[in-house]
Amino acid sequence: MNNSRRRFIKQSGSAAIGATLLNGTVTQSSLGRILGNQTGSKPTLVVIYLRGGADALNVVIPYKEKKYAELRPTIALPGPDTKDENRAIPLDDTFALNPNLKGFAKLYEKGQCAPIICVGSPHPTRSHFSAQDYMERAAPGMPNVTTGWLNRYLEETKSENDPDLRSFVLQPQLPRSLRGTYPVVAMPRRLSDQTMEIYKDSYNNMTTKRKGSGQQLKGQILSTGKSTIANLKELNRLIGQDSGSGDSNYPKTPFGARMSNVAKIIKANKGTEVTVLDYGGWDHHQNEGPIDGALGTKLADLGDSITAFADDLGERMERVLVLVMSEFGRTVRENGNNGTDHGHGGAMFAIGRMISEKKTYGTWNGLEDPNLYKNRDLPVNTDFRSVFAESIHSLFGFDGIKAGLFPKYSRENQPLNFLRKV
Amino acid sequence: MKPINCTFLLALLMSCFLLPTVLVQAENATPLTPREQAIHALNRMSFGPQPGQVDRVSKMGWEKWAERQLEPESIDDGELDKRLKENNPSLFMGSHEIEQNYMPERLSKEEQKNLSAEERQKLNKKRNQLRGKLGNELISSVIVRAAQSERQFQEVIVEFWRNHLNVYLPKVRYAANHYEQNVIRKHAFGKFEELIMASAKHPAMLIYLDNHISKSSGLNENYARELMELHTLGVDNHYTQEDVVELARVLTGWTCGRKKGEDGLNTYGFIFNPRFHDKNSAKIVGLEIEGDGGLGDGEKIVLHLARHKGTAQYVSTKLCRYLVSDNPSQELIDRVTQVFLKTNGDLRKVYRAIIFSDEFMMRENFKTKFKTPFEFVISWLRAANAPVKQTGTIARTLTEMGQPIYMCDVPTGYSDQAEAWLDPGVMAYRWECSVNYTQVLAKRGAVSPQVESWKKLPPRKMAEKVRNMLIPGEPVESAVSMLMKGEGLRGMAQLALGSPAFQQQ
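Protein sequence lines correspond, in order, to chains A and B. Going by my numbering, the first sequence opens with residue 63, and the numbers climb by one from there. Going by my numbering, the second sequence opens with residue 279, and the numbers climb by one from there.
A few of these clues could be false.
Quick list of the computed label-pair ranges, beta carbon to beta carbon [stated by the list, open to error]:
hint, chain 1, residue 1, chain 2, residue 2, range
1, A, K295, B, A720, 24 to 32 Å
2, B, F634, A, R473, 54 to 62 Å
3, A, N267, B, Q616, 31 to 39 Å
4, B, R626, A, P205, 31 to 39 Å
5, A, Q256, B, S756, 20 to 28 Å
6, B, E730, A, K295, 31 to 39 Å
7, B, E396, A, Q256, 42 to 50 Å
Derived DSS-like pairs (lysine-lysine); straight-line CA-CA distance at most 30 Å [what the hints assert, rightly or not]:
hint, chain 1, residue 1, chain 2, residue 2
8, B, K587, B, K469
9, B, K763, A, K262
10, A, K273, B, K743
11, B, K667, B, K464
12, B, K667, B, K733
13, B, K743, A, K262
14, A, K273, B, K739
15, B, K739, A, K271
16, A, K262, B, K739
17, A, K314, B, K627
18, B, K537, B, K479
19, B, K734, A, K262
20, B, K561, A, K436
21, A, K436, B, K493
22, B, K763, A, K271
23, A, K295, B, K763
24, B, K337, A, K273
25, B, K627, B, K464
26, A, K314, B, K404
27, B, K620, B, K596
28, B, K733, A, K262
29, B, K469, B, K620
30, B, K342, B, K360
31, B, K449, B, K400
32, B, K464, B, K620
33, B, K743, A, K288
34, A, K288, B, K739
35, A, K271, B, K667
Hints listed in this document are in silico derivations from the structure and should not be mistaken for laboratory results. A virtual CB, placed ideally from N, CA and C, is assigned to each residue, including glycine.
So that you can see chain A by itself, here it is in the shape it has in the complex (with noise of 0.2 Å):
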């Protein structure tokens, strides 16, 4: 379908590189930027969802507030300014991130990672399922709008020649935020080619008849057969090959060779504008264990894996940014069981080469009780749609609020201004 575009691309790279060569002024990196750009290959959003609500208290901690540590008696962790071998890390006056963060603190020094606090969704819910479903839609409080919001984005900027692997998730399920009408890959592992053969004959000749029960079904089936064949091939290419490097520095764990994975098909410039990695665990009503257990070996998973993701894309880190999020923080006291409950205002984490400033992003309060959401929670002082609006306007130069993305939703009058323009 997009053979055209696809030969106008390699012709129009390497007289590029010819010519660059021709002056013999090419490097290494110069190399890598030409091919970034002239092969077409557009900025990549990554978009890590964390399910089950993390605490962000433990995440990105407040460490010079005296209520911290009251009110978390079993859970708190020790703050820089102690001689704790597992004391958080500062970031500046206010805030210092979980120890098993460490890589995370590398590239916030650097430039590269901006934590955003007390962020979230305008509506109470605290359910799990609600909460993710109006995020994923950025319609909080909208149960009529079903469309998933990075769909909604595919959707409104497609074009005739967009590439098969525009947008794609390595799992089997599609997450809330990328359903709806526009067509994402979701390929959750290998298929042999010589399986596809079998079903290649009778997929791409079946047809549905526009009536009669149940043919509805049958052509989504149908499409969704069709596309397996089309894209696994690809993608079987793309993960198979170049084992040997970047992988190593992965951890080796399910979620480490996801985003080795993801690294490759964005190395392989097939156009890939977003993509989505579930993550869950993240909901930890006992036994927390913010620094080797549950909630802390999750983080050093998520923290290793994105730094290595990171060092593995190096300089096309300036085109490639990773939002991490989750559904809601959690209770600010600690419950009855050394965990915490479900909350209101959370944190999110953003990585890449194009943010800003390097400070921590959003407005905070402090811990006295008045300044709490119901006396329990962080507040939401940033919705988390003015992060997903300005993540897609520094990345593509869509304005997603002028197009009507977010339904109900107007610029805030102070944007968080996080991200310059890509």
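Starting from the known structure of chain A, fit chain B onto it as the hints suggest.
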């Protein structure tokens, strides 16, 4: 051009536009043929037809078959029970017996201290083995029963409640087998409020959602929230965050521990611990609790929630979605809700109201549901009449497809709507599964002699047989021409199982 021609042309033009809609309506208005009715009943009230079953049900009339399925006790399942008792004995054990058989001997602190490193390792290994065996017995029983029980509607319904009252096996290893048998299966054809009460008082649910450690001095809201959001009222339906906290308070003390059972044995199970309990008054979803009725206060509120009209609506909607259509009509939901309320949640009557509604057998609902991975795998085991022995392989396949048995880690359970499963990559797994399983079956010679004899048939005849067995709802001509592209019997079976038709029910 004369005016009359214009009008004529306009009429012609209009009829072109209108015709398709009219036709669709006309087509959907045609009642299903007896054969189609049999296929539909077998698709929705069982995990798919076995060889020859469509003919049998269509001959006896689907209603008669459904009547029997709605009264599972009337169907003899003795042979399967016997096999389960041999291979999956833990399902039939009390908590005490499970402990005795699946936990290594408990050592005193002194004894533990004196263990050498080697002995300790050995003990750990033994514990893991026994625990693994216990989990495997549960998972394999789910697969075997779904595939081979004669009480198919019971299995379909049990799968619904297993999902509605989801627990996560890795968190409740010693309690899940007992939960499956004594909560889900025991009450699936009883009263809704008894089902909910049984789940509320079972260690599997109390531990899974952390209520066993919730105390007046340190509340845990997890179970209280999900009891209202997922088990009874539905999300943000009739309750607020204040209700969640109040309910959590009333349910403090609902925990697990050891007590003497009726058999005089010291058994781990549900207990009410007054020392954990919040004795204050509370108001939850309109019900005032005076406080310190102890266990009784919690029981009152659980019943109040189970009997609430919001619960009747929510549960009826879910059941209609599961059995009839991803988007059931509001009229149907309302009617079923009325039955739910009038019968005080008599589930048997609720199922009956759905199955014998006009909507259930309407053509517009025929083949319109996309099978979940579980339904896909089980239905093809049934269609191929495959011996269900290697349940480990089947369980692993389901894990890869994103629906591992008893391992949904979110309390929501798995979605029963196509939207959640019909993802772009979904066919990759199903194709791989179709290819692998047909190979395995062929290698083991595990195909019935009757099917074996089809190998000698000419391709067309063979394709007809395969169509009748695996995709009986498909029109003969298109099915046969598709199947004839496959090489031999195995090739045709692979094509049928991986075809769109086999994913629909």
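Hint check results:
no.	hint	in the structure
1	A/K295 / B/A720: 24 to 32 Å	27 Å, holds
2	B/F634 / A/R473: 54 to 62 Å	55 Å, holds
3	A/N267 / B/Q616: 31 to 39 Å	49 Å, violated
4	B/R626 / A/P205: 31 to 39 Å	32 Å, holds
5	A/Q256 / B/S756: 20 to 28 Å	26 Å, holds
6	B/E730 / A/K295: 31 to 39 Å	35 Å, holds
7	B/E396 / A/Q256: 42 to 50 Å	48 Å, holds
8	B/K587 / B/K469	15 Å, holds
9	B/K763 / A/K262	11 Å, holds
10	A/K273 / B/K743	27 Å, holds
11	B/K667 / B/K464	26 Å, holds
12	B/K667 / B/K733	25 Å, holds
13	B/K743 / A/K262	23 Å, holds
14	A/K273 / B/K739	29 Å, holds
15	B/K739 / A/K271	25 Å, holds
16	A/K262 / B/K739	24 Å, holds
17	A/K314 / B/K627	53 Å, violated
18	B/K537 / B/K479	14 Å, holds
19	B/K734 / A/K262	27 Å, holds
20	B/K561 / A/K436	19 Å, holds
21	A/K436 / B/K493	22 Å, holds
22	B/K763 / A/K271	21 Å, holds
23	A/K295 / B/K763	22 Å, holds
24	B/K337 / A/K273	28 Å, holds
25	B/K627 / B/K464	16 Å, holds
26	A/K314 / B/K404	28 Å, holds
27	B/K620 / B/K596	18 Å, holds
28	B/K733 / A/K262	24 Å, holds
29	B/K469 / B/K620	12 Å, holds
30	B/K342 / B/K360	27 Å, holds
31	B/K449 / B/K400	23 Å, holds
32	B/K464 / B/K620	22 Å, holds
33	B/K743 / A/K288	27 Å, holds
34	A/K288 / B/K739	28 Å, holds
35	A/K271 / B/K667	40 Å, violated
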